[in-house]
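Work out the full structure, taking the sequences as your base and the hints as a guide.
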Amino acid sequence: MKILSEDRTRLLFEKLTKYIGVNVKLLIDRPDGTYCFREKKDRVYYISERLLQLAHTVKPDHLISAGTCFGKFTKTNKFRLHITALTYIAPYAPYKLWVKPSSEQQFLYGHHVIKSGLGRITENTPKNQGVVILTMSDIPIGFGVTSRSTTDCRHADPLATIAFHQADIGEYIRSEDTLV
Amino acid sequence: MDLVNEILEREQQKADKYKPITVEKHLDVEFDIGTLVAFDTNDLDSKLMKSEKDRDSYLESLTRDNTQLLLNKIWELSTERIDEAIVVRLPQPTTVMPRAKPVPKPKPLTKWQEFAKAKGITKTKKSKLEWDEQLQKWVPLYGFKKAAAEKEKNWLIPVPQNLDPMTDMYEKKASEKSEKVAKNELQRLKNIARARKVKIPRVGIPITSDKASSTQLATATSVAKASTASLGKFQDKLPKEKDARGKGVHELIPGKERKRKLPVPTPAAEKENNLSIIDRILKKRPKIDMEKAVSKHIHEEQVQRSEEKRSMKPMKGKPKGKGNATNFSAKKPKGGRGQRNPNKKNPGRKRR
Numbered sequence: 001m002k003i004l005s006e007d008r009t010r011l012l013f014e015k016l017t018k019y020i021g022v023n024v025k026l027l028i029d030r031p032d033g034t035y036c037f038r039e040k041k042d043r044v045y046y047i048s049e050r051l052l053q054l055a056h057t058v059k060p061d062h063l064i065s066a067g068t069c070f071g072k073f074t075k076t077n078k079f080r081l082h083i084t085a086l087t088y089i090a091p092y093a094p095y096k097l098w099v100k101p102s103s104e105q106q107f108l109y110g111h112h113v114i115k116s117g118l119g120r121i122t123e124n125t126p127k128n129q130g131v132v133i134l135t136m137s138d139i140p141i142g143f144g145v146t147s148r149s150t151t152d153c154r155h156a157d158p159l160a161t162i163a164f165h166q167a168d169i170g171e172y173i174r175s176e177d178t179l180v
Numbered sequence: 001m002d003l004v005n006e007i008l009e010r011e012q013q014k015a016d017k018y019k020p021i022t023v024e025k026h027l028d029v030e031f032d033i034g035t036l037v038a039f040d041t042n043d044l045d046s047k048l049m050k051s052e053k054d055r056d057s058y059l060e061s062l063t064r065d066n067t068q069l070l071l072n073k074i075w076e077l078s079t080e081r082i083d084e085a086i087v088v089r090l091p092q093p094t095t096v097m098p099r100a101k102p103v104p105k106p107k108p109l110t111k112w113q114e115f116a117k118a119k120g121i122t123k124t125k126k127s128k129l130e131w132d133e134q135l136q137k138w139v140p141l142y143g144f145k146k147a148a149a150e151k152e153k154n155w156l157i158p159v160p161q162n163l164d165p166m167t168d169m170y171e172k173k174a175s176e177k178s179e180k181v182a183k184n185e186l187q188r189l190k191n192i193a194r195a196r197k198v199k200i201p202r203v204g205i206p207i208t209s210d211k212a213s214s215t216q217l218a219t220a221t222s223v224a225k226a227s228t229a230s231l232g233k234f235q236d237k238l239p240k241e242k243d244a245r246g247k248g249v250h251e252l253i254p255g256k257e258r259k260r261k262l263p264v265p266t267p268a269a270e271k272e273n274n275l276s277i278i279d280r281i282l283k284k285r286p287k288i289d290m291e292k293a294v295s296k297h298i299h300e301e302q303v304q305r306s307e308e309k310r311s312m313k314p315m316k317g318k319p320k321g322k323g324n325a326t327n328f329s330a331k332k333p334k335g336g337r338g339q340r341n342p343n344k345k346n347p348g349r350k351r352r
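Sequences listed follow chains X and A, in order. Note that the UniProt record's numbering numbers the first sequence so that position 115 is 115, with each residue one more than the last. Note that the UniProt record's numbering numbers the second sequence so that position 286 is 286, with each residue one more than the last.
You can take every hint at face value.
A few chain X residues facing chain A, derived, Cβ under 7 Å:
1) I3
2) E14
3) T17
4) V22
5) I28
6) C36
7) S149
8) T151
Some chain X residues flagged as far from chain A (calculated, every beta-carbon gap over 12 Å):
9) R43
10) R80
11) P91
12) K96
13) S103
14) G119
15) L134
16) T161
17) H165
18) E171
19) Y172
20) I173
Source of the hints: derived by calculation from the structure; they are not laboratory data. Keep in mind it's a predicted model, so treat the numbers as computed, not measured. For each residue, glycine too, the CB sits at the ideal point set by N, CA and C.
So, in structure tokens, the structure goes:
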């Protein structure tokens, strides 16, 4: 568990602000304890200071993961958010997108959200904005990036992609071995 | 008779001088003729061993007896006569002798040998002579008479079309050959260095090929930029420039020693640091997002229009003044469906 370099910290926060905007501060500035980001094998973990101290007692070779995996740095040094971060991102996300029950499964299999599957969307969502995707019963099921703004959505044809798939909870099964 | 007695006496004396060749033993002595070794497993006479006087003579006689037995055993083998000397061919030794020196370590494999082993490539033996169709004779693979054959074969080398017609193909060939030799020599030295675990300095960015790869160029720019007195601190950056990355790049760039581990700050300091980074990121975002502003504007317009539509709907049934003829305008009649702006002042009837 090593500390993230300044460069990587910046990349991480830039990605997080795409989804939760100014609420990133709330992840760091918590009243219930100090939380920090740590890196292990290019994967970034969100971990409380208390847990981190306990994790230090484990030999680094034997430690697989500690805390919550937020994502990983690719070989080209880009940060990719994992679905495991959803529990921390979903409550803070200002922009949300609800999918109809009929296209929930489509999304959970890793497909983009198309207009016909769009149930609701936050007003004034700009283009290329990171959004949390929820079911109509307000259960977060993944992340996406909008390909059209809310206003453009109105005029889009039913098969047009509204949000690009980034991560979904189906990955817990699909890519079980590569997630953490 | 005297003579006979004399001879007999002499023989007796001779016999007394030599001990008999047969030796009695309690337990049979074990032999390893191959290494000329006999193992006597009989007990030593402890009484004789303890006495100062007789110990040496006892051991001496014991050694003689055992040696006698060993020689008896050797004489049992088939003998040969080579150059007036009787010799014996010893069988294979059965005793395993420990080495005086450690077993020599196997020679470290060269890089190619390692690769070939991993890939399962085996060396195929090439014949020393090869039939040359062009010369119609046997030409050696290398060495004596090879160069002469080459010279005879390449009396004329055509210049390929993609090359400058004035190129000296012989010179080119020679330089290619010398380059190959140099490369081989370098690899040989590298193999030696690797085997002896000597650290060799990096050669730097290869400039041999005329087409450098993008990574090589990126490394070259990074190195060049950092090669100032201030280690490139005040060098401008291109808009999308990235630092060179990869294995061994850090060692090339002056003043950029790779740090193994960052010092871990205190939790409070780390939090402070993270918050400042977040602030910087949030500040960097443009105040006015054009995309957002445009979409917001479109949205407002749409809302306004829909509201208007709603408010206009009850007007549909209202009588339209003097009728179609008087309501003449430049625009195409829209049948009461056109957008009407109550704020807009009507400039009056247009006359033609």
